[in-house]
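Student: Heads up: the sequence shown begins at 1 in my numbering, then just goes up one per residue.
Treat the hints as calculated values from the structure; they're not laboratory data.
Certain hints may be false.
Derived Cβ-Cβ restraints for the label pairs, each shown as a range [to be verified]:
no.: 1; residue 1: 113; residue 2: 35; range: 42 to 52 Å
no.: 2; residue 1: 33; residue 2: 57; range: 36 to 46 Å
no.: 3; residue 1: 119; residue 2: 42; range: 31 to 41 Å
no.: 4; residue 1: 34; residue 2: 87; range: 31 to 41 Å
no.: 5; residue 1: 161; residue 2: 57; range: 48 to 58 Å
Don't be surprised by glycine CBs; every beta carbon is placed ideally from N, CA and C.
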Amino acid sequence: MDGMFDLLRLFADAHGLSGYEDEVAELLRQRMQPLVDEVRVDTLGNVIGVRAGDGPAVMVAAHMDEIGLMVRHIDDDGFLRVVSVGGWFDQTILSQRVIIHCRDGRKLAGVVGCRPPHLMDADERKKMVKLKDMFVDCGATSAANAAELGVEIGCPITIDRELRPLGNDFVTGKALDNRAGIVMMLSALERLRGIADVFLVHNRPIVRHVDDSIVRVMESSTCRTMG
1 MDGMFDLLRL
11 FADAHGLSGY
21 EDEVAELLRQ
31 RMQPLVDEVR
41 VDTLGNVIGV
51 RAGDGPAVMV
61 AAHMDEIGLM
71 VRHIDDDGFL
81 RVVSVGGWFD
91 QTILSQRVII
101 HCRDGRKLAG
111 VVGCRPPHLM
121 DADERKKMVK
131 LKDMFVDCGA
141 TSAANAAELG
151 VEIGCPITID
161 RELRPLGNDF
171 VTGKALDNRA
181 GIVMMLSALE
191 RLRGIADVFL
201 VHNRPIVRHV
211 DDSIVRVMES
221 STCRTMG
């Protein structure tokens, strides 16, 4: 379990919002390099590893990106208003620790908040807080101060969370969909030497309706570690 957990932690803890997968892509390229005959990155950012062979061609695919947020507005008090990137249940976002990825490379810590309950009326306290009513607090005291910290509209935001073990070989963490698939793919490359010809990982779900007599697509969001 330890080796599989460590590899899953390496990829799950990496940050790669949809459209900003460079950190994960480079990590994957490095890990895939010794396991294949050729590694290349195409113009769409897909990391493709190929191992030549005489048997049937097999493709294993997993996506690198993760859901997150993006800055849409910075108010006068320095709070960041955000939109979701990917599918979220709004209530799971509230109180999350996050990382704001600035264009200059700085990474700022933040936390998702909302108007405190003691300032809400009775009816408001009974309602679910929607994302549009939440904000990210990064410690900025004004819009100008947020800009000094490197925050701009359009900055990607990811969840600040580390992979943790639970009981019975279960884990909790972020981005398990589909970093678990990447770990399975790398494990397959190590275990199935000489059996499959082509392995590919892509950062966008572009491989979908492919004849399964030609390739086999393996894509998993499981969060159970393998022994």
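Student: Is it true that the C-beta distance of residue 113 to residue 35 lies inside 42 to 52 Å, as the hint says?
Tutor: 44 Å, holds
Student: So the hint says 31 to 41 Å: do the beta-carbon atoms of residue 119 and residue 42 match that?
Tutor: Since residue 119 and residue 42 have Cβ atoms about 51 Å apart, the given range 31 to 41 Å is violated.
Student: Does the Cβ distance between residue 33 and residue 57 fall inside 36 to 46 Å?
Tutor: 21 Å, violated
Student: When you take the CB atoms of residue 34 and residue 87, is the distance between them in 31 to 41 Å?
Tutor: Given a distance of about 35 Å, which is inside 31 to 41 Å, the answer is holds.
Student: Do the beta carbons of residue 161 and residue 57 sit within 48 to 58 Å of each other?
Tutor: 37 Å, violated
Checked against the numbered hints given earlier, the structure breaks hints 2, 3, 5 and satisfies all the rest.
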